[in-house]
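S.K.: Below are the chains, spelled out letter by letter.
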Amino acid sequence: MKDLFCEDTIAAIGTSIGKGAIGIVRISGKEALKILKKMFRTKKGKVKEEFEERRMYYGFIVDRFGEPIDEVLVVYMRGPKSFTGEDVVEIHSHGGIVVVRKILREVLRRGARLAEPGEFTMRAFLNGRIDLTQAEAINELIEAKSELSAKVALKQLEGALSKKIREIRDFILETRAYVEAAVDFPEEEVEIIERGKVKERLFEAVDRIEELLKTYREGRLIKEGIKVAIVGRPNVGKSSLLNALLQEERAIVTEIPGTTRDVIEETVTFRGLPLRLIDTAGIREAEDRVERIGIERSLKKLKEADVVLFLIDGSEGFTDEDREILGQIENREKVILVVNKKDLGLKFTCRDAESLGIKRCVEISAKKGEGIEKLAELITELVMLEPEAVVGGNEVVITSERHRELLERAKESLLRAIRTLESGIESPEFLSMDLEDALKSLGEIVGEVTTEDMYDIIFSRFCIGK
Amino acid sequence: MWDEVFDVIVVGAGHAGCEAALAAARMGCRTAVFTVNVDRIAEMSCNPAIGGVAKGTVVREIDALGGEMAKNIDETGIQFRILNRKKGPAVRSPRAQADKEAYRKRMRQVIENTDNLQVIQQIVDDIVVEDGKVKGVITHLGARYGAKAVVVTAGTFLRGKIFIGFQEFEGGRMWEPAANKLSSFYERHGFRVGRLKTGTPTRIDGRTIDFSKMERQDGDEPPPFFSYWTEPKEIEQIPCWLTYTTPETHRIIRENLHRSPMYGECKLISGVGVRYCPSIEDKIVKFPERERHHVFVEPEGRDTIEFYPNGTSTSLPYDVQVAIIRSIPGLENAEIVRPAYAIEYDFIDPRHLYPTLETKTIKGLFNAGQINGTTGYEEAAGQGIVAGINAALHALGKDERFVLGRDEAYIGVMIDDLVNKGVREPYRLFTSRAEYRLLLRYDNADYRLAKYGYKFGLLTREQYERVKRKYETVKIFIEKLKEVKLKPEIVNPILEKEGSTPLKESKSAYELLKRPEVKLEDILPLIPLELTIEDRKLLEEILEEVEIEVKYEGYIKRQLEEVKRFRKLENIKIPEDFDYDIVPISVEERQKLKEMKPLTLGQAARLEGIRPASIPILAVYIEKWKRGELRKEKA
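As you go down the protein sequences, you meet chains Z and E in turn. Numbering-wise (the numbering used here), the first sequence opens with residue 1 and increments by one. Numbering-wise (the numbering used here), the second sequence opens with residue 1 and increments by one.
Warning: the hint list may mix true and false statements.
What the hints assert, rightly or not - Which residues of chain Z face chain E? A partial, calculated answer using Cβ under 8 Å:
{"no.": "1", "residue": "L126"}
{"no.": "2", "residue": "N127"}
{"no.": "3", "residue": "P186"}
{"no.": "4", "residue": "S423"}
{"no.": "5", "residue": "P428"}
Calculated from the structure, these hints are not laboratory results. Just so we're clear, the structure is a prediction, and the values are computed from it rather than from any experiment. Idealized CB from N, CA, C, for every residue including glycine.
Construct all of the structure, not just a fragment, from the sequences and the given hints.
M.R.: As structure tokens, this is what we get:
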């Protein structure tokens with residue numbers, strides 16, 4: 001917890017993403033009402049000054065430019081008569097992930113901080129809203145959460161992203177080491193790093209962070225949509241499934257130009273989550289050259305997909321042809337096995353899925369629209385919730401939002417450092433304050449660095465000591 | 001049973017021991033300070049200098065607490081400078097060259113003229129403990145001295161071993177006997193005892209040095225003294241000299257590395273050395289690409305021919321030492337007075353200590369200085385005064401304890417680091433070790449600490465009144481700066497001269513002063529405020545303070561905010577009898593807390609292996625414990 005004594009105001013999405021038609025953003029802390037007032041507009045577009053406790057108000061949430069984000073119901077609960085014992089505000093909006101996230105982001109921009117795992121509960125505990133006997137359970141909960149988030153963090157951070165962030169962190173640490181060495185060892189043969197050079201390095205760090213922010217997965221998912229590839233042998237019901245998905249939730253359908261005969265692509269906003277549905281041509285062994293080209297294209301699409309819906313006809317069981325197709329899918333982590341034609345009676349059920357190395361499975365009837373709900377949950381779970389980790393029911397930990405926030409904060413600290421440099425303040429300790437802040441933010445993502453790490457750099461780089 | 005009984009016994013009369021003994025005696029305790037050699041009280045075993053970045057601020061802190069180091073160097077210094085003068089106030093720091101002999105002599109006089117303080121030249125072999133409480137000490141002569149509190153400031157004397165090449169001698173300092181028995185006292189009582197290493201260069205006969213080949217470095221004029229209470233005066237300052245090692249130096253070292261007790265065929269030294277005060281052979285090994293290294297040639301005093309070639313510390317054999325020195329420009333014909341040597345010694349893991357420097361297991365026993373794994377005279381003295389004050393409080397039967405926070409003093413940062421993290425190598429202060437260094441400045445040590453010095457009777461009322469008056473005036477002055485509006489036609493000529501953008505309309509002096517390029521002295525004549533302060537030194541201090549506080553206000557405020565958060569945890573005291581077993585945190589965490597016995601929740605949070613999430617839980621349980629709710633439950 002950053003603030004052990006609840007001085008600041010925290011916020012999080014209070015409903016599971018993608019589930020249910022309503023999304024709730026919950027804010028707790030001293031600033032909760034103030035933040036609400038800044039964002040809430042009445043039907044007539046007016047700022048509302050007075051909120052009675054425990055009363056629902058209908059209106060709009062607007063962004064910084066006064067543009068409405070969504071129509072909402074809001075409620076204010078004054079502390080200590082609230083779940084956390086603090087002032088609490090809830091903003092109820094129209095489910096969809098995009099909207100809820102937009103609202104949350106706006107709340108964070110207005111001064112709240114994204115809640116850590118278990119933080120709402122912790123506040124409730126600290127404010128005496130939960131009995132002491134529950135403490136043990138809470139501790140276990142937090143432990144479980146941190147374990148989970150550690151796992152999640154690890155998973156998410158394996159590979160390129162974490163490497164990049166670590167590189168940025170180390171780059172900043174190195175810059176700070178140069179700056180500090182000049183301060184603490186003025187009489188030593190430390191190469192003094194010029195102010196211009198420091199500034200250059202800081203700008204470089206900012207650029208690198210911005211680049212990361214741009215390519216951020218969640219950002220891309222929402223901006224470009226989640227690529228959902230549907231594969232399966234002919235006549236297992238691909239087009240029925242597509243239609244079922246399209247009909248769900250008054251889907252908005254758009255033809256994407258440039259789609260080929262082999263790969264049909266359509267975008268639906270499903271539970272607020274933009275899905276790009278890609279129906280691939282069969283990917284079994286090709287018989288002629290033309291077909292092979294089509295198949296290769298399909299395989300490429302399959303590789304690029306965020307989610308693969310592997311559709312089989314459950315009434316016929318798992319055929320050799322199905323097996324052949326499965327063999328073409330490299331990454332089974334992102335596969336959801338969709339067992340269709342439930343209405344005809346199943347020879348193959350989800351119970352058998354595990355033996356195929358597929359974790360997620362759903363039985364549906366595309367024709368009757370059964371099981372589509374469950375499928376939707378599985379899709380959101382796979383792309384969003386897997387890394388985001390919903391635990392403890394009413395609290396959502398948005399790891400990716402967290403990362404975005406932390407990266408933004410690191411960037412701000414760096415920009416402040418640059419401003420300090422530009423303001424003409426000669427001495428490096430002021431700069432160092434901002435660099436330390438930036439390091440702290442990045443440290444929350446990829447692990448902290450200590451002053452000892454910095455001294456390691458200083459003493460290995462410079463020959464210090466008379 | 002006892003040959004003599006004291007309130008406080010201090011074992012060792014180095015920089016830590018002197019401050020500890022003086023503080024205890026001045027607080028009214030009957031105090032004895034034991035030393036192996038009365039002629040070596042406050043000896044500067046290594047370089048002839050006091051202060052430096054962060055260290056100089058520590059000296060000012062000791063001064064504000066009513067200690068002696070600052071006054072002692074002011075009286076006996078031969079060159080005074082401010083380091084980082086062109087940088088910000090948080091990293092500026094005074095440094096002085098000392099006349100070693102004069103430094104010793106004056107400190108001895110102060111000690112000899114202090115009431116309640118007795119000097120005893122005997123080696124302490126053992127400490128008497130009964131029921132977990134310290135009772136007294138036994139010396140190598142078998143004499144027994146009783147005491148309510150004992151402060152051990154043994155420096156490098158515990159099983160000290162000196163190396164010159166493959167030759168080794170016992171000794172706490174060259175030609176002085178080691179204290180070989182006291183370490184076993186600690187081992188017997190379950191303390192972790194480790195080994196560290198340090199070293200010192202040769203001393204050179206100044207009559208054989210050719211200074212014309214070196215660069216001269218003079219002190220600042222007027223000399224910036226350390227103590228708030230030293231009156232400005234003129235002194236004759238003596239220069240230092242700068243020269244460099246040569247490729248020849250490096251060749252000699254490389255060819256003789258096999259004869260080093262660190263790198264050579266017999267690795268005699270196992271103790272961990274300092275990364276930042278390496279021997280010359282360390283530098284050559286670790287930085288082979290460097291073509292030359294600094295050598296500062298510093299005088300050891302006014303009346304001595306000895307010079308200290310700073311940067312050439314070595315444990316290579318004597319003939320190599322001679323060759324190294326003579327390969328350096330200006331030292332071609334140098335004669336060596338004293339050889340360089342490395343010294344290895346025992347230290348006691350400081351995690352056995354409370355932040356009062358009292359050991360957790362033996363009441364009334366305190367450790368301070370190099371015995372805790374630190375390096376540097378200033379670091380030692382800073383611990384010495386804290387241990388001395390706490391030993392006195394203990395001996396006087398007071399419940400109060402003196403703990404400095406990380407937000408109050410570098411001394412606080414250092415002790416907190418030591419007792420919570422322990423040491424892996426000799427610990428030295430850097431400004432970057434302090435989270436709140438914009439608040440821990442050399443200029444405002446009196447503001448931060450004089451209240452304690454006064455409270456414990458180490459500062460006089462008059463001294464304290466000066467501090468109060470100083471900061472009251474600063475406040476008034478800043479208010480005035482906010483009121484005074486300066487018209488463009490009056491102030492623009494000054495601004496233009498400083499290369500600052502001219503004004504279009506009137507602005508307050510306060511706003512103008514915030515500009516980095518505008519100095520207070522430039523606009524001072526335009527401020528209609530009569531300061532009725534005759535003391536020129538005090539006036540200058542006030543102006544300096546005003547300038548810093550206005551110019552860096554934004555940054556200072558930011559750190560004050562951080563301190564507010566920090567204090568929340570720091571102000572929650574953990575009761576001594578608190579039962580960690582009732583707290584629902586992991587077994588490992590409970591174990592750690594029971595062992596480390598943190599005094600505050602803040603300290604608990606800084607321990608390794610304590611998860612942040614456990615801290616609020618602890619907070620709730622401590623609160624309930626204090627209200628008496630939990631003990632009942634347990635019963």
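S.K.: Indicate, hint by hint, whether the structure satisfies it.
M.R.: Hint check:
| no. | hint | in the structure |
| --- | --- | --- |
| 1 | L126 | 5 Å, holds |
| 2 | N127 | 10 Å, violated |
| 3 | P186 | 5 Å, holds |
| 4 | S423 | 7 Å, holds |
| 5 | P428 | 7 Å, holds |
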